[in-house]
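One-letter residues, chain by chain:
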Amino acid sequence: MNKLLPPNGRLLIPMLACYLPLSVAVAAPIATANAWPTRKVARPTAVVTGKVTDDKGEGLPGVTVRVKNGTQGTATDVNGNFSLDAPAGATLIISSVGYTTKEVAVNDQTTLNVSLASDTQQLSEAVVVGYLTQERQNVTGSVATVSATEVHRAPVASTAEAIQGRLPGVQVVNSGAPGQTPVVNIRGLGTLGGASSNPLYVVDGLWIEPTSSAGRDVNPADIESVQVLKDAAALAPYGVSGANGVIVITTKKGKSGIPAISFSASGGIQNLVRRRDLAGAAEWATINNQAHDNAGLPRLPYAANLPAGIDTDWQKEFFKQGSIQDYNLGFSGGGPNSNFNISGGYFKQDGTVIGPKFERFTVRVNSGFNRGRLRVGENIQLVHASQTNLNSNLNVSPFMDVLRMLPVIPVYDSTVPGGFGIGNDNAVTYGTNPVAEQRLLNNISTNNRVLGNVFGEVQIFDFLRYRLNLGLEYHGFHDQLQRKYGFWRYKDATTPSNYSDAQGNELFGQAENTLTFDKSFGDHNLTAVAGYSRQQRRQEYTRGINFGYGTGPVYYWALDAGNQTPQVSGSNYTQTLESVFGQITYDYDRRFLVTGAFRRDGSSRLDLARQWGNFGAGSVGWRISKEKFMENVTAISDLKLRASYGALGNQYLTGPYGGSYLYQSVLNQNANYVLGTGQVIQNGAIQTLLPSNVTWETRKTQNYGFDLALLENRFSLSADYYISRTGNLLTQTTLPLVVANAGDLPYQNIGLAENRGFEFKVGYADDRNPFKYGVTANLTTLKNKVLSLNTGTAENTAANYILSGGNDITRTEAGYEVGSFYLYQFDGIYQTGDANIPAGLAAGDVRYKDTNGDGQINDADRVHVGRVFPKIQYGLNLTASYGGFDLAAFFQGVQGNTIFNEGKYWLERTDDNTNYEAGFSPWTPTNPSTTTPRAIIAGGTQNAAASTYNGRYNSTRWLEDGSYLRLKNVQLGYSLPKALLDRSKYIASLRVFLTGQNVFTVTKYTGYDPETVGTGTLTRGVDAGSYPNLRSFTLGLQAGF
Amino acid sequence: MKSSILTRLGLASTLLLGATACEKNALDQVNPNQPLVELSWQTSDDAVKGSTACYAGLQGVGMYRRWLNFAFDIRDDIGFSQSPWGELRNFTQFVQTNYNFEVPYNIWRDHYRTIFRCNQVLDRVPTIQGMDATLQKRVLAEARFLRALCYFNMVSLYGNVPLALTYSTDLNPTVPQGTEAQVWAQVISDLQAAQVDLPVSYASANVGRATKGAATALLGRAYMQNHRWADAQAQFTQVINSGTYKLTTVYTDNFRQTSENNSESIFEVQFSDVTQGGNDSGDGPSSSSSQGAQRSQFFGVPGYGYNDGEVRPWIVNEFLKEGTTTGQRDPRLAATVFYNRFDRTQFPTALPVDADTLAYGVGFLTRYKSNPTNLARVYWRKYQTDYYRTFENFDSPINQRIIRYSDVLLMQAEALNEQGQTAAAIPLINQVRERVGLADLTVAAFTQTTLRAQIMHERATELAGEEVRWFDLQRWGLLDTQAGVNSIIPRDADFSNFVVGKSRLLPLIQTDVDLLKLTQNPGY
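Chains as they are written, first to last, in this note's numbering: chain A, 24 to 1064; chain B, 78 to 601.
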């Protein structure tokens, strides 16, 4: 009985506090840590002075000089000089970003001159893998990296957009909607929609779960580096949360030295790249008349007689020029024992169609503090974002409505309540006036977020440290729908003006305790981590709606202002995760590399009986280039072979209540009915179908790869081959209607899907001459396939596929891709005199392939066609600089996929009143087209069957090649010479730049944009009018002070 | 020094191990929003809630809220559609290329959802301990009645449908496909059982639930569809002799919100406008789900509704065939349709223009004078809300009458006539005629054959737009022969698409044909 009560103690912070070390223990390490150095410093000290220079002998400013195992430290001045109190016999650690850190014993010297070698080794960057940071050369998993420079090139709101195409194995698909969250899939799609397919983001140690929308709000300007973890070895530390890959984002930290002020600003214009060439009123009328004549129906009055003075170009009315602005101001600095970075950003995008816009304010404060064995730091970002969403009526995108609306309907019509043209009996269409749709409904989402973490680290021994990492994501959201009075569609029901106000908040907290052991035994180097963590996410949500706000023009949008009693609804959920984990890396002489990781997770989202799972992976590497026999092979600077294998989970279930309670069968208490003479509502209750054994998905990945660097690392090549299989797939298999499920289909863990592919990244960079240049190219192949999908019980009767989309346009089943198109095959047009025209059809009608040869065209003739996932995706990045000029061009593309072009369907179906493409030429006896059937409107008295038969939605007639090549980004910059700036005294650096985004696209696709986000996991190849990507040109400047 | 190392080691282990949970069951999160299923079917209150949920199924969009009105009243020869939604229009004209088309798909889906709820009650309620035995029996009988009503519709629309009769949460159930005869047998046996335990009437709070009379009348109707005239007669006799029902004085009381569940009403689907705006999209009911009907929005005249369904003009002339004893037009004409009463070209009659064909407060002629096309059309008025408001929306509060007493009287007359008792049939018909002021029929004037034709006329005028005409056409055998279909075509050209041997039944829904391996209906 107790189980049925809401859990107590829902406050997150107190709860998480329970998972911190015992409070006594918390106090202890800090106190002790402070005490240790004091005890150690009972020795005489002496002043050491010196100068730090680079390898050319120039003084280096801002270099950190500190005493090893001590508290003392300082930084060099502008000329590279320093002065420090150091105990006798101390060792100084001298470090600076971009240089190899050096340790120098003071001995009895009082003056020390040190020269630092610049660290030019590209391959020795630090890579965060789980709970460890490794040098790139020692990494044996598959990890892809993008630098800050590349991230910052794109004038976009989110990190995912910024890295699109730059990494092998990472598929990012965008729309052009302001404030959108791109679809990111790492190594194909390992889910069938029952669980999230998004990666986990880890921002400075804070987990942003795949089900959270916070990834969008990390300001790309704050980013230092982005790493994508792809194989099991790299992901194993994330256990049941790691199956779909992890994107590790590290934000900028302050650097010791002179405090720096930076400012950047950019702004420009955005436009939709392509417009369709649509019929004007006269051309439209000709074809529409044909369609009515062929159906034996009277012509539409406005097609029979064109109304004077109306010839609306709906694209022109709906599309507009958009703009983009991005400003960032930062302050950073630090000394030997502390650092800080404060930055503020403002981003604004005004959409390219009437309505949508996005605005975001961000503030970030990162700081760090060292004293002796203690390190404390925090990274926090505050975000306020406001988005005006694109409205779709009845799930039809306005990008489809501009194709449906007739040119004989005016945009504005004062005779219609609300003032917008919606058609009438003279000009019938079921398209929605896209302008009215945006103007009459204001759909605003406002978010306030805090994203951040605080950590403390204690170096217990030289080889052992403890770290406590507390992460927090707070998300307060407010969604408002302000519906003014008025019609936006022909024959719409009268909707009173109404207002919906939804508010809620989400609080995610994590507490991670880790112990890290790090020691070398001769040539044996060992690092090991053991940890324990807890996470909790809570969401609360309340929504009110009220009606009757009058007919304008002034509205008061408050729930109380409506003339009815507001209706309210709301819900809440809690999710928890508890984990223990371990991670180990070992190498022998930096030649033989071994890693292993293990994580045991317990998740509240999963069936009690299967709440706990064990995950793990191992990898091995061999750095051949370190072998003795390679010593004389000078051309090869690095060569490493690697292999890994392991299993990860996906606990991010989707569905009601954030997927929190899918295994619990609940009663729906709202099956209400009115009874009695007073017609009073009585509650009815029904049982939902019992989902069984809902648990995590398991993804097992094997990975084989090598890294090669030649010519002193100027040339590099990485290649990987992987086979990844997701089992226990959480699916919502299509059920017979007789089963009588209402609401979401029940979730079942059935099925196995595979992704496999090659990934290559090759680069060449030469910066030895004043003319510096570089080329990086990446290429990914992907093959996605469902291997099995059945309930494992009675296979003969069991549902073994999932239908999805309008008219069940895709069918996911064994042997085919996830979301594979399942269509009637267009097979030409019946011509006059053809002998085999089926009853009800005539010459000029569509011929579909009779796949099973039974003489009938019906559902049994549908087949799997096309390809949802590109065979190949690639990126090519070219950079060059000379003097103050720098130029970068980035091409990106996909090859070998097909797209269902719903726009084409709307323009060519003819059974419904829509507009047509200019030059649209349906079959007539005198124009016997072989590709376009005769125009025929539905509901006629003759050949009624032909209309919907010809206009079939789920046919290959609308399927097109989705390959494209795009100049995604091009940037030309000019940095003012330092000599010139020195005269100003205030400006340290200044660069101006011009950026073009989505400059041009080469494709055969005839829709607005071949890059379509689809309409869901199982319908991702369907372009149902997703907001096309935008071409933008921006001008910007970056300045340092 | 040594103690320091020990301290630190101790500290390290404390840090990891000390992180013990203070809330042991943090992973055991229970849905705080809805009760778990384990809670249900414990008390008599649970049983009643379960039965209420069965009735709620009748309000589904694929049931009486919207689509049954199309499947019955627009596909028959009185209604037709000029909807700009071509696929819907085709559907009403016996053309359907997509066997998962939304309209028949939702009808199928919502009937099986209601059947599921009934099966649930039939399975679970008997397990409830300590429940009042009479109430328990009543709840079970209500579920049987509603299940029978669902299968009555299903067999009339689709024919050979799967017979789901047991409660199961198996996601891959084995559900046998029934033949038409098997489905009818099930309907009859459910109604026979329901009839026994249903009460004659309810206290006011429960008015609207199925009664003994409802089960008996529906059972009679089921026998009628199977031409079991004597069996039908026996049922109708019970209804008539019960004394529970009598015709209302005013015909229109049967289609108004203010006179629901009246003396003529035998069973109604209850609608209300208390909850507005919530649109049950098919995802199952929620607290904001509307309790209203959408017929009046979809059939509403231009300017007020979608007029996706309208009326063939012949029915107006059917009414105009005879006037009342005082020389007026049959009052049921104005109650049934909106039409241009001045149009004597399309509607030739010597009868005077009646006073009451305002459409939403404005005379029909005035309203559509400027649009000759609309002026010549005939629209549904029965179940429209224009008698009390000046707009239509998705939340009409008017109950839909499933069986009313005048229908029983006319069915009884038909049952008697078919058994050769023509003379006994006529007084029953006269009861229906007298209410609206028509002259009595005389026994001497009719043979069995001519009375059969007269009953067809009486049913068309009395019951047009009440979702029984489709049953009538089936029962009269007009859909089984080309001659029968040819006799309909002059009234409704849509029937020129009707293929004998095929179009009497809708195609079975493709999803279930695939997943349950059903045999598709002939011709599809």
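Derived by calculation from the structure, the hints in this document are not laboratory data.
Note that beta-carbon positions come from the ideal geometry of N, C-alpha and C, so glycine has one too.
Incorrect hints may have been included.
Listed below are the simulated DSS-like cross-link pairs for lysine-lysine, each with C-alpha atoms no more than 27 Å apart in a straight line [as the list claims (entries may be wrong)]:
#1 A:Lys343 to A:Lys380
#2 A:Lys808 to A:Lys795
#3 A:Lys808 to B:Lys594
#4 A:Lys371 to A:Lys343
#5 A:Lys91 to A:Lys380
#6 A:Lys872 to B:Lys398
#7 A:Lys872 to B:Lys214
#8 A:Lys542 to A:Lys795
Estimated spans, in silico, between C-beta atoms of each pair [claimed, not checked]:
#9 B:Asp247 to A:Gly303: 19 to 25 Å
#10 B:Val351 to A:Gly499: 31 to 37 Å
#11 A:Thr874 to B:Asp209: 58 to 64 Å
#12 B:Lys446 to A:Gln503: 51 to 57 Å
#13 B:Gly578 to A:Gly303: 45 to 51 Å
#14 B:Val351 to A:Thr874: 48 to 54 Å
#15 A:Ile284 to B:Asp105: 28 to 34 Å
Each hint tested on the structure:
Proposed proximity of Lys343 (chain A) and Lys380 (chain A) is supported: the alpha carbons are some 12 Å apart, at most 27 Å. Only pairs whose Cα atoms come within 27 Å are accepted, and Lys808 (chain A) paired with Lys795 (chain A) is rejected, the gap being roughly 44 Å. Of the pairs offered as hints, the one joining Lys808 (chain A) and Lys594 (chain B) holds, with about 26 Å between alpha carbons and a cut-off of 27 Å not exceeded. Proximity of Lys371 (chain A) to Lys343 (chain A) is assessed by CA-CA distance (about 16 Å); at most 27 Å being required, the pair is judged to hold.
As the CA atoms of Lys91 (chain A) and Lys380 (chain A) are separated by approximately 53 Å, the hinted pair breaks the 27 Å bound. As the CA atoms of Lys872 (chain A) and Lys398 (chain B) are separated by approximately 53 Å, the hinted pair breaks the 27 Å bound. Among the hinted pairs, Lys872 (chain A) with Lys214 (chain B) is inconsistent with the structure: their alpha-carbon atoms are about 56 Å apart, more than 27 Å. For the proposed pair Lys542 (chain A) and Lys795 (chain A), the alpha carbon gap of about 40 Å is over 27 Å, so the pair is violated.
A hinted range of 19 to 25 Å is violated for the C-beta pair Asp247 (chain B) and Gly303 (chain A), which are about 58 Å apart. The hinted window of 31 to 37 Å between Val351 (chain B) and Gly499 (chain A) holds, with their beta carbons roughly 34 Å apart. Range check, Thr874 (chain A) to Asp209 (chain B): about 60 Å between beta-carbon atoms, so the 58 to 64 Å window is met. Take Lys446 (chain B) and Gln503 (chain A): their Cβ atoms lie about 44 Å apart, and the range 51 to 57 Å is violated.
Take Gly578 (chain B) and Gly303 (chain A): their Cβ atoms lie about 48 Å apart, and the range 45 to 51 Å holds. Here the CB-CB span from Val351 (chain B) to Thr874 (chain A) is close to 52 Å, well matched to the stated 48 to 54 Å. Between Ile284 (chain A) and Asp105 (chain B) the CB atoms are about 52 Å apart, so this pair departs from the stated range of 28 to 34 Å.
Violated hints for the displayed structure, listed by number in ascending order: 2, 5, 6, 7, 8, 9, 12 and 15.
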